[in-house]
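Asks: One-letter residues, chain by chain:
There are 2 protein chains.
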Amino acid sequence: MLIVQKYGGTSVANADRIKAVAERVAKAAKEGHKVVVVVSAMAGETDKLIGLANQISTNPGEREMDLLLSSGERITSALTAMAVEALGYKAIAFTGRQMGIITDAVHTKARIEKITGERARKALDENYVIVVAGFQGITGTDDVTTLGRGGSDLSAVAIASALNADLCEIYTDVDGVYTTDPNIAPEARKLEKISYEEMLELASLGAKVLQTRSVEFAMKYEVPVVVRSSFNDNPGTLVTREDKDMEKVVVSGVAYDKNQSKITVKTVPDKPGIAARLFKAIADANIVVDMIVQNISIGGNATDISFTVPKTDSKKTLALTEKIAGELEAKGVDLREDIAKISVVGVGMRTHSGVASQMFDTLAKHGINIMMISTSEIKVSCIIELKYTELAVRVLHEAFGLSQ
Amino acid sequence: MLIVQKYGGTSVANADRIKAVAERVAKAAKEGHKVVVVVSAMAGETDKLIGLANQISTNPGEREMDLLLSSGERITSALTAMAVEALGYKAIAFTGRQMGIITDAVHTKARIEKITGERARKALDENYVIVVAGFQGITGTDDVTTLGRGGSDLSAVAIASALNADLCEIYTDVDGVYTTDPNIAPEARKLEKISYEEMLELASLGAKVLQTRSVEFAMKYEVPVVVRSSFNDNPGTLVTREDKDMEKVVVSGVAYDKNQSKITVKTVPDKPGIAARLFKAIADANIVVDMIVQNISIGGNATDISFTVPKTDSKKTLALTEKIAGELEAKGVDLREDIAKISVVGVGMRTHSGVASQMFDTLAKHGINIMMISTSEIKVSCIIELKYTELAVRVLHEAFGLSQ
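Protein chains in written order, with this note's numbering: chain X, 2 to 405; chain R, 2 to 405.
The hints are simulated quantities; they were obtained by calculation from the structure and are not laboratory data. Predicted model only: the values in this text are computed from it and were never measured. Wrong hints could be hidden among the right ones.
[Stated by the list, open to error] Okay, the calculated bits of chain X under chain R, using three or more residues with CB under 8 Å as the criterion:
1. 54-60
2. 64-72
3. 76-89
4. 390-403
[Unchecked claim] Simulated DEER-style distance windows between Cβ atoms:
5. D17(X) x N287(R): 29 to 37 Å
6. T117(R) x K221(X): 32 to 40 Å
7. I51(R) x L392(X): 15 to 23 Å
8. N287(R) x V107(X): 37 to 45 Å
9. K312(R) x I185(X): 30 to 38 Å
All C-beta atoms in this analysis are idealised placements derived from N, C-alpha and C, irrespective of residue type, glycine included.
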């Protein structure tokens with residue numbers, strides 16, 4: 002088998018952890034598998050570099066930020082290759098460029114355009130273990146890019162797809178995907194398997210086990226992904242295509258996201274093209290809007306528009322929105338950062354009704370007010386006050402019988 | 002003017018130091034100069050990375066070592082570019098590759114083959130301050146190389162040459178080139194200027210102000226180099242072509258080097274080709290031999306060969322030498338690490354005699370035994386016991402009247 006193994010920051014946090022990773026890689030190689038390893042930066046390293054940049058500039062350039070941040074993964078890839086070689090296996094470290102990861106030029110959140118992987122195929126033929134620096138790629142014009150937070154997951158899945166790997170293992174500091182965050186609800190259960198669709202909703206809803214785009218990518222190219230711990234030998238959770246078993250479960254997980262902000266444009270003239278103009282400007286700035294709610298017209302000719310964006314983009318978005326609100330003669334713009342998104346997810350919702358009403362009912366029963374609602378085929382999300390996050394997770398986990 | 006400014010590790014040791022560097026760069030840009038900055042890794046960073054590698058492997062691969070170590074300079078180049086930009090100047094960070102620094106494939110001590118610099122010329126035309134990650138290049142087959150300890154000096158001089166710069170300023174934590182190490186002899190004087198030849202001898206003799214190969218390069222391409230401090234505005238020392246004034250001074254400096262080891266092959270059969278065989282093997286391993294002394298035959302048909310190599314290579318050299326000594330039926334091999342090399346340097350020696358004998362006489366007068374002697378047109382070097390280093394420096398500095 003060709004296996005891609007990705008190790009996150011806590012799994013490569015120091016020399017001893019890197020040696021433990023090498024042992025695991027060597028075990029797979031010894032069993033006759035070909036192995037491509039993708040590594041993140043050592044835990045804390047990326048934050049340290051960001052801290053330095055912030056000490057130096059209030060507005061560091063994104064191209065330089067990428068050059069800066071890509072260094073962390075290069076360091077780990079070199080060290081991990083040394084550790085594998087020290088165990089008697091041939092190993093070679095590859096940068097994003099050497100792996101042939103070509104991206105667009107949207108610095109700090111580039112998208113992978115293709116992976117050439119020629120050199121990797123040759124090295125695999127020569128029985129090398131390849132250790133790739135995750136999180137990074139290169140533009141057609143020779144500049145280093147990074148793939149956004151959690152981008153090493155995407156590196157791993159994309160490499161698995163490009164090399165036609167049999168399996169992509171994502172090693173992290175948790176045992177797999179849980180019905181919810183065990184830190185909040187200790188009765189949370191580990192799932193044996195989960196569909197790409199559910200995982201995608203969970204990831205995008207803030208369950209930080211897998212980066213959203215890596216799940217999209219895995220789903221699109223049907224890459225079988227296993228999420229498991231690098232600290233033990235537990236089997237983990239398989240992320241795979243939806244099957245009949247999964248449909249029987251109405252709700253498979255409760256997720257929360259504290260990293261969103263809510264922006265409201267007040268009393269906008271209710272004319273066609275208003276929303277388009279606002280959200281085009283935001284999209285042009287490469288900001289991802291999550292939920293959008295437009296209220297019913299107030300008195301017939303004006304409306305409120307609310308939407309959520311990642312907290313990291315909230316100031317940039319506020320500035321943009323205020324500019325456009327002025328042009329549109331809106332009454333004003335509000336930013337609220339003390340919010341959280343709570344969601345219930347399950348492919349079973351497609352065939353079972355009543356999930357949304359049960360969710361609203363449960364929240365109401367505990368005095369939790371709902372500010373925004375958004376639904377998809379397989380999830381229901383509510384924006385609530387930040388302080389109710391943990392309570393909401395626990396009561397929903399209980400209400401949907403997820404502990405059993 | 003086009004100025005290349007190189008800043009060493011202590012000059013970029015933290016965010017505040019990097020901001021101070023940016024101020025100096027901005028000053029030059031404000032005066033209308035075009036500026037290319039070359040930066041080292043933050044002080045301590047390279048040693049930290051080497052420490053990690055040594056924790057992980059007793060024999061880390063050199064290709065991976067280069068990938069590892071090149072990260073430090075990339076980090077500083079990105080941060081420094083951000084700092085310059087924060088002062089309102091356009092700045093762009095370049096890796097060795099983006100600067101077009103092509104090297105051979107001798108990892109950990111690669112030689113620069115050429116610098117294409119196309120992208121740099123374009124950026125200078127567009128009035129960017131360029132900040133290049135020092136110490137690194139790229140092979141024709143896409144692998145990262147490093148240029149050996151102090152390699153950022155070489156990066157700076159080579160870039161200055163490739164871009165036809167008017168001046169190459171090497172910023173460090175000392176005010177310039179001294180007649181000897183002021184830590185040992187407080188009466189040491191700063192030199193206003195020094196010839197390439199003298200600087201070369203001083204650098205290769207362990208005066209760590211400039212990396213040897215950078216001086217060779219500067220001499221070959223006549224790049225005017227100024228060594229000065231990034232901590233003040235003192236004028237520094239100009240390294241330039243030899244002129245009439247310089248010849249009047251017999252000795253311009255006393256240098257010492259504690260980083261050599263002495264290896265002796267005992268009682269080798271005195272036949273042609275013996276030395277060639279030994280030193281070819283050592284050269285093939287890319288180890289630089291400094292001094293070689295072959296004693297007069299003992300009893301007519303056997304001889305001792307002694308030579309010095311950098312301490313970092315001493316174990317590798319010892320193993321190689323023992324292997325060959327066995328094949329040559331020598332009596333054994335001795336390694337001595339408790340030695341130092343003391344040298345007096347000056348272009349004036351070309352026209353003045355008696356320097357060597359005055360040196361031997363001075364050392365003898367203070368009870369310092371000489372183990373090996375080597376001379377060139379402009380220097381005399383002696384290997385002595387390590388413990389006499391400081392004493393030797395002080396008495397020679399005094400004897401040659403360098404404090405005046």
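Asks: Does each hint fit the structure? Answer for all of them.
Replies: Taking the hints in turn, this is what the structure says about them:
1. Coverage of the segment 54-60 of chain X by chain R holds in this model, with 6 residues showing a Cβ closer than 8 Å to a Cβ of that chain against a need of three.
2. By the rule of at least three residues with a Cβ nearer than 8 Å to a Cβ of chain R, the coverage given for the segment 64-72 of chain X holds, with 7 such residues.
3. Here the segment 76-89 of chain X counts 9 residues with a CB under 8 Å from a CB of chain R, which clears the bar of 3, and the coverage holds.
4. Figure legend: the segment 390-403 of chain X, annotated as covered by chain R; annotation inconsistent (0 residues with Cβ-Cβ distances under 8 Å, at least 3 required).
5. Distance hint for D17(X) and N287(R): a CB-CB separation of about 32 Å, consistent with the stated range 29 to 37 Å.
6. In this structure the supplied range 32 to 40 Å holds for T117(R) paired with K221(X), their Cβ-Cβ distance being about 39 Å.
7. Our hint of 15 to 23 Å for I51(R) and L392(X) is violated, since their Cβ atoms are close to 50 Å apart.
8. Distance hint check: the CB atoms of N287(R) and V107(X) are about 43 Å apart, consistent with the given range 37 to 45 Å.
9. For K312(R) paired with I185(X), a C-beta distance near 57 Å fails the hint of 30 to 38 Å.
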